[in-house]
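*Asks:* Take a look at the letters that make up each chain.
There are 2 protein chains.
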Amino acid sequence: MTLKAALLSLTVGLAVTFSSASVMAKPADEPIQPIQPAKVKNVGLVELGKKLYFDTRLSKSGFISCNSCHNLSMGGTDNLKTSIGHNWNKGPINAPTVLNSSLNVAQFWDGRAKDLNAQAGGPIANPGEMASNHTLAVEVLQSIPGYVAEFKTVFGTEKVTIEEVTKAIAAFEETLVTPNSRFDKWLKGDKKALKADEVAGYKLFKDSGCTACHNGAAVGGNSFQKMGVVEAYQATSPAEGRVGVTKDEADRFNFKVPTLRNVELTYPYFHDGEAATLPQAVDTMGRIQLGKKFTPEENTKIVAFLKTLTGDQPNFKLPILPPSSDATPRPTPFDK
Amino acid sequence: MTLKAALLSLTVGLAVTFSSASVMAKPADEPIQPIQPAKVKNVGLVELGKKLYFDTRLSKSGFISCNSCHNLSMGGTDNLKTSIGHNWNKGPINAPTVLNSSLNVAQFWDGRAKDLNAQAGGPIANPGEMASNHTLAVEVLQSIPGYVAEFKTVFGTEKVTIEEVTKAIAAFEETLVTPNSRFDKWLKGDKKALKADEVAGYKLFKDSGCTACHNGAAVGGNSFQKMGVVEAYQATSPAEGRVGVTKDEADRFNFKVPTLRNVELTYPYFHDGEAATLPQAVDTMGRIQLGKKFTPEENTKIVAFLKTLTGDQPNFKLPILPPSSDATPRPTPFDK
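Protein chains in written order, with full-length UniProt numbering: chain A, 1 to 336; chain B, 1 to 336.
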């Protein structure tokens with residue numbers, strides 16, 4: 001038995017143990033924990049990162065920002081099967097939500113970035129996404145007096161580096177946690193926060209083994225698992241999963257378990273975005289991961305529970321970006 | 001002499017008169033008037049319109065919203081020569097700023113929409129822009145419970161119509177005025193609000209005849225004028241201007257005079273976006289509209305004045321959009 005299999009087995013075991021406990025139990029006894037509010041350590045860094053997150057000038061076209069595919073008005077996603085990138089490129093994979101992504105064990109579906117800092121530079125330079133490069137992105141920012149002043153304040157130097165850029169974006173993203181969902185209120189003891197069918201849905205979610213993978217504060221995001229344990233999944237995406245990172249064939253088609261926080265907002269589901277609705281996603285997951293065929297009533301209850309995981313959404317003013325100077329390299333959206 | 005020529009002549013005359021008056025004159029004696037803050041009559045209508053303005057589901061792709069090309073983080077423009085539309089379509093014309101657009105005599109560069117209400121429906125159904133259609137856009141909104149409830153509150157009925165949609169978007173856009181620029185403070189009597197070179201730039205702007213067209217509260221936006229009065233303009237855009245609306249050959253290459261409010265933020269300039277910087281735009285305008293060759297010093301002064309026209313930028317929280325329901329038609333970005 002591999003370590004991973006052992007851990008999975010242990011987690012399933014724990015889930016089963018938990019599921020036999022009263023649903024009135026304290027949070028400590030539950031496989032899901034409340035989300036903690038973000039603690040902002042460096043306001044200036046976060047504010048700079050927020051601007052950069054919304055800045056389309058980090059793309060070659062001047063049209064695509066982080067917020068284009070991880071739209072904070074829409075659950076931190078683009079609500080598309082797979083994303084649209086530079087030159088209307090069809091992305092190979094569904095854009096995961098940025099909300100609560102700081103709680104992920106690693107970033108991207110295959111975990112190829114160890115943290116948000118490492119992730120943030122990827123899309124900027126990906127030819128099928130923002131299609132810029134780190135040299136150009138830094139040159140653009142360095143030419144904008146408003147940014148130079150802000151980098152000076154935050155980092156103590158007027159020289160902009162890509163490391164500073166990704167650090168600022170990551171610091172902003174770390175604030176994008178979503179506490180105070182109805183489920184979290186219930187977890188913390190407010191038993192009126194959930195309706196009976198929602199509590200029943202949670203019990204069913206646990207009893208069925210969903211919490212084997214979807215557990216912790218993010219209700220997922222903390223392990224890699226095979227997509228299609230009991231039954232093979234016919235993906236429409238070419239993505240191979242974790243094997244691309246580890247080169248270990250045992251990791252083929254292993255993907256990071258997505259967080260279920262705010263799952264009502266983050267449709268469509270799965271790494272290929274092929275499940276358009278929550279009932280579809282619950283049905284498929286039950287079948288291919290657990291060998292279970294949920295009845296329509298069971299499916300409805302689980303979906304009702306899942307919709308209680310929507311927490312406080314981003315709550316800040318639309319950032320106003322500093323204007324380019326005459327020296328700023330202009331976007332080239334139609335250059336080949 | 002046509003009525004338009006007469007008015008232009010009169011305006012030039014007035015501008016010359018004004019320019020001989022003291023720059024300490026009261027606003028009533030100046031060709032430019034301060035921007036008045038927006039008076040919000042119906043908060044619910046504006047809030048609904050704000051959500052719709054940011055909602056990518058009004059596009060076929062689910063990727064493009066009003067804010068994509070009239071980006072409120074970037075002066076209400078996309079800062080591109082011409083916009084990117086559905087399927088990476090290269091638009092035929094520069095996207096004008098939405099800021100202070102309620103002050104325009106009409107909407108679009110050729111004035112083909114009489115007001116913001118009439119404008120708002122255009123891009124939604126334009127195959128090269130958002131590429132949806134009004135029937136689909138309404139069907140999408142009608143399927144979203146959060147919107148239906150909000151339309152009910154605002155309009156008293158759960159039935160969504162495209163007229164309600166454009167009315168709400170227009171009501172939001174009417175709030176996007178930008179008062180309190182340094183120039184407006186100066187106009188209102190705060191003589192310390194401008195530096196000497198900025199005041200000199202304003203005087204030169206008036207003395208040169210720029211205020212013949214760029215006048216009023218929006219410093220433009222209130223008339224159609226020929227692009228290239230003294231010297232022909234070699235446009236890169238196929239746009240023919242006002243003639244497309246009036247079918248009057250006298251209106252060929254007549255365009256709405258753009259507002260100069262927030263002009264530091266709304267680069268690049270002209271209907272084809274070919275002037276990348278303010279110095280370039282000032283140089284070209286002087287040459288082709290006024291037959292003047294500004295010296296580098298004059299150009300610098302006028303640019304310094306123009307940068308004092310940046311007012312209060314949009315100041316509101318990023319809207320959070322209501323999620324789609326299982327019945328909501330899904331975006332089809334890659335369907336031909």
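No lab work stands behind these hints, which were simulated from the structure alone. Some clues are possibly wrong.
If chains are identical, the list can't say which one is meant, so a pair holds when it fits in one copy or spans any two.
Derived BS3-like pairs: lysine-lysine, alpha-carbon spacing no greater than 30 Å straight-line [said to hold, decoys possible]:
(1) Lys167 x Lys90
(2) Lys114 x Lys167
(3) Lys152 x Lys317
(4) Lys195 x Lys293
(5) Lys159 x Lys307
(6) Lys185 x Lys336
(7) Lys191 x Lys41
(8) Lys167 x Lys293
(9) Lys41 x Lys90
(10) Lys90 x Lys191
(11) Lys152 x Lys307
(12) Lys51 x Lys292
(13) Lys167 x Lys203
(14) Lys114 x Lys90
(15) Lys195 x Lys152
(16) Lys51 x Lys336
(17) Lys247 x Lys195
(18) Lys317 x Lys39
(19) Lys292 x Lys90
(20) Lys167 x Lys317
(21) Lys41 x Lys317
(22) Lys336 x Lys90
(23) Lys336 x Lys188
(24) Lys90 x Lys51
*Asks:* Compare the structure with each hint and give your call.
*Replies:* Okay, the hints, checked on the actual structure:
1. Lys167 x Lys90: within (28 Å within a copy, 34 Å between copies)
2. Lys114 x Lys167: The answer is within: 13 Å in one copy meets 30 Å, while 47 Å across copies does not.
3. Lys152 x Lys317: both (23 Å within a copy, 27 Å between copies)
4. Lys195 x Lys293: within (24 Å within a copy, 74 Å between copies)
5. Lys159 x Lys307: So Lys159 and Lys307 pass the 30 Å test across copies only (26 Å; inside, 45 Å).
6. Lys185 x Lys336: Neither way: Lys185 and Lys336 sit 52 Å apart in one copy and 46 Å across, limit 30 Å.
7. Lys191 x Lys41: neither (33 Å within a copy, 41 Å between copies)
8. Lys167 x Lys293: Neither. Shortest intra-copy (45 Å) and inter-copy (47 Å) distances fail the 30 Å Cα cut-off.
9. Lys41 x Lys90: neither (37 Å within a copy, 43 Å between copies)
10. Lys90 x Lys191: Result: close neither inside a copy nor across copies, 45 Å intra and 55 Å inter.
11. Lys152 x Lys307: between (43 Å within a copy, 23 Å between copies)
12. Lys51 x Lys292: Close neither inside one copy (46 Å) nor across copies (40 Å); limit 30 Å.
13. Lys167 x Lys203: Classified as neither; 40 Å inside a copy, 46 Å across copies.
14. Lys114 x Lys90: Intra 25 Å, inter 38 Å, cutoff 30 Å: intra-copy only.
15. Lys195 x Lys152: between (51 Å within a copy, 26 Å between copies)
16. Lys51 x Lys336: This pair counts as within: shortest intra-copy Cα distance 28 Å, inter-copy 35 Å.
17. Lys247 x Lys195: Answer is neither: 46 Å inside a copy and 64 Å across each miss the 30 Å cutoff.
18. Lys317 x Lys39: Both ways: Lys317 and Lys39 sit 18 Å apart in one copy and 20 Å across, limit 30 Å.
19. Lys292 x Lys90: neither (33 Å within a copy, 49 Å between copies)
20. Lys167 x Lys317: So Lys167 and Lys317 pass the 30 Å test inside a copy (21 Å) and across (24 Å) alike.
21. Lys41 x Lys317: both (19 Å within a copy, 22 Å between copies)
22. Lys336 x Lys90: both (17 Å within a copy, 13 Å between copies)
23. Lys336 x Lys188: So Lys336 and Lys188 fail the 30 Å test inside a copy (55 Å) and across (50 Å) alike.
24. Lys90 x Lys51: Both: 26 Å inside a copy, 26 Å across copies.
In summary, the numbered hints that this structure violates are 6, 7, 8, 9, 10, 12, 13, 17, 19, 23.
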